[in-house]
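Please work from the sequences and hints to get the whole structure.
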Amino acid sequence: MKFARETWLVFQRQMLIVKRTPIRLVIGITQPIAYLLLFAPLLKPALATVGARSTADAYRIYVPGLLVILVLLSSLFTGFGLLAELRAGIIERARVTPVSRFALLLGRAMSEVATLIGQALLITVLAIPFGLSVRIGPLLLAYALLIVMGLLAASLSYSIALLIKSPAALGPLINTFAQPLALLSGVLLPLTLAPHWLITIARWNPFYWSTNATRALFGGDVSDPSVWKGILLMVVLVVPVMWWSVRLFAQRVR
Amino acid sequence: MTSTAQSATAQQVGQPPPELMISVRGLRKSYTVKQKRKTTSVDAVRGIDLSVAGGEIFGFLGPNGAGKTTTMRMLCTLIEPDGGEATIAGIDLRRAPGQVRRRIGYVAQGGGTNEEVTGREELVLQARMYGIGRTEAERRAAAALSAFDLTDYADRRCSTYSGGQRRRVDIALGVIHSPIVLFLDEPTASLDPQSRVRVWDEVRRLRAEGMTVFITTHYLEEADALCDRIAIIDHGEIVAVGTPNQLKHEISGDVLTVGLAGEGQPAVELLSRLPFVRQVEAPDSDALRLYVDDAGTAIPQVLRGLDSAGIAFDKIELQRPSLDDVFLAKTGRSLRES
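Protein sequence lines correspond, in order, to chains A and B.
Residue numbers for the first sequence follow the working numbering, beginning at 1 and rising by one.
Residue numbers for the second sequence follow the working numbering, beginning at 1001 and rising by one.
One or more hints might be untrue.
[Unchecked claim] In the DSS-like style, the derived pairs of lysine-lysine whose C-alpha atoms are separated by at most 25 Å in a straight line are:
(1) B:K1038 with A:K165
(2) A:K165 with B:K1034
(3) B:K1036 with A:K165
(4) B:K1248 with B:K1330
[Unchecked claim] Stretch-level coverage of chain A by chain B, calculated; a stretch enters the list once three of its residues show a Cβ under 8 Å from a Cβ in chain B:
(5) 17 to 27
(6) 86 to 98
(7) 221 to 228
[Claimed, not checked] Ranges of calculated distance between the beta carbons of each label pair, as one might list FRET restraints:
(8) A:L183 with B:E1085: 49 to 57 Å
(9) B:T1039 with A:P225: 47 to 55 Å
(10) B:R1046 with A:I23: 44 to 52 Å
(11) A:N175 with B:T1039: 24 to 32 Å
(12) B:E1237 with A:I164: 29 to 37 Å
(13) A:T21 with B:K1036: 35 to 43 Å
(14) B:K1036 with A:L173: 30 to 38 Å
No lab work stands behind these hints: they were computed from the structure.
Glycine included, each C-beta is placed from N, C-alpha and C at the ideal position.
Encoded structure:
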């Protein structure tokens, strides 16, 4: 109860800051929208080989990948925000209170993910006039999966930020591994098109499984085995990764 | 020495000997520093003992890098000590840091306000972080804003505040939950003189409300003007503790220079006999230098003595040792240089 209340307090404050700095939302969503409007229309012929017989099919394949990019990449960069708040003394001010350290981190991760889910919703809605059609049940499940993916990526980012501590080094580092991580998830084109060796590597990437699951859910097929695999993997991973970041947060913050 | 200083303060402030609010024994902290691929251990704090009584304003005076902030952050539960023990407001720091957090307030040197939110919003959030309900938190925020004279800026974003306003918000945030002990790290660093005096007034007000205040500072004036007692810290060790006056007297006492109109010898003989005069020097033929314990009581007696002996004099000057003289005597260098 105490923990839920504290997480809520932190979440609320972070959301207030998001509301006060709308420019960050605009920047975050410009790129996905550009891809949706300027790139996705090319996809129907390109995706014909993986079974896209209509524009709707092409969007069902492309939009979930776009949402994974949005959630994954933005969450991976949230460590920056944490470092900035550490520098400004905002975290320290909270750490001298009896507030749970876990709540301080979880509330932040949740506000980050909530913002991204809002942006994801906007992109989904924008894709509808282009011909995207989805069933509401699987779509909700896909969003739930995106939330867990976001929490996982954000915790990972917090851990890396707490280990590196320098914003100047954090940017290049995250860029270096975020791009291959996203590409190896098959966010642009499904990896069913990929040569065998590429798939072999991708199978080691947890986000490959969750991207497949998201895509299957956008396709409306809850019974596809990739769905339970992707969800299970994310849920199993998010717990230890979060625990790790909270431990680092409690130990490493000076 | 600590215990005598303690009782002297209690008498000076005119209070019965209050219970100890901060009690520290052998507190230690070292850091590992990587330099040119070699890892070296730096002892930031090397076994500190100190006691602070309830209702005191206790100052930690020392140059940058002396270990002031490290000590304070250990006492505030922000970093774990390597050794030693401490009780804050009766609670064991290492055994129950959570309990300590409920009883203390801490204001970091750089503050910790968010640019995008208002002072009032920050105060309400801070109160709620201590488990205070929304209505009560809003009431406390309003009270704090008025007490710190911030009501006019309460609903502006923190990014618009001046240095002095921001500092007052920081301190208001540190006391929103009515802590028993307040820790202020360099409360007036980089403030203009007016804002500095303003902050001192706020600190005195909080003490008058019953709070015990522990501050770090590298400003001699601040230690002198604000603190009941100070500890001088250098290279991670306390080198002196006492009231500012005790410390100054300990090293030299006050110096009176008397300008004489005539012959000096009778005056030297007369003044040397006075019990409170430690030493008399005659650097020039027309001047005497007296080392006395306390110039305040010495001056009238010196004047009376010279007068009744019929010795003519034309001026009397007073020099008091500064805390910098104390620092110089204790550490071998001036605080202004370091």
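Hint check:
Straight-line distance between C-alpha atoms of K1038 (chain B) and K165 (chain A) comes to about 20 Å, which keeps the hinted pair within the 25 Å bound. Straight-line distance between C-alpha atoms of K165 (chain A) and K1034 (chain B) comes to about 15 Å, which keeps the hinted pair within the 25 Å bound. Of the pairs offered as hints, the one joining K1036 (chain B) and K165 (chain A) holds, with about 19 Å between alpha carbons and a cut-off of 25 Å not exceeded. Restraint check for K1248 (chain B) and K1330 (chain B): the C-alpha separation of about 11 Å stays at or below 25 Å, so the hint holds.
Coverage of the stretch 17 to 27 of chain A by chain B holds. Counting CB-CB distances below 8 Å, 3 residues qualify, and the rule asks for three or more. Counting residues of the stretch 86 to 98 of chain A whose CB lies closer than 8 Å to any CB of chain B gives 11, so the stated coverage by that chain holds, three being the minimum. Coverage of the stretch 221 to 228 of chain A by chain B is violated. Counting CB-CB distances below 8 Å, 0 residues qualify, and the rule asks for three or more. Taken as a hint, the range 49 to 57 Å holds for the pair L183 (chain A) and E1085 (chain B), whose Cβ atoms sit roughly 54 Å apart.
The hinted range of 47 to 55 Å is satisfied by T1039 (chain B) and P225 (chain A), whose Cβ atoms lie roughly 50 Å apart. For the hinted restraint 44 to 52 Å between R1046 (chain B) and I23 (chain A), the CB-CB distance of approximately 49 Å keeps it satisfied. At roughly 29 Å, the beta-carbon separation of N175 (chain A) and T1039 (chain B) lies within the given 24 to 32 Å, and the hint holds. Taken as a hint, the range 29 to 37 Å holds for the pair E1237 (chain B) and I164 (chain A), whose Cβ atoms sit roughly 34 Å apart.
In this structure the hint that T21 (chain A) and K1036 (chain B) lie 35 to 43 Å apart at CB holds, the actual value being about 41 Å. Taken as a hint, the range 30 to 38 Å is violated for the pair K1036 (chain B) and L173 (chain A), whose Cβ atoms sit roughly 23 Å apart.
Consistency note: the structure conflicts with the earlier hints numbered 7 and 14.
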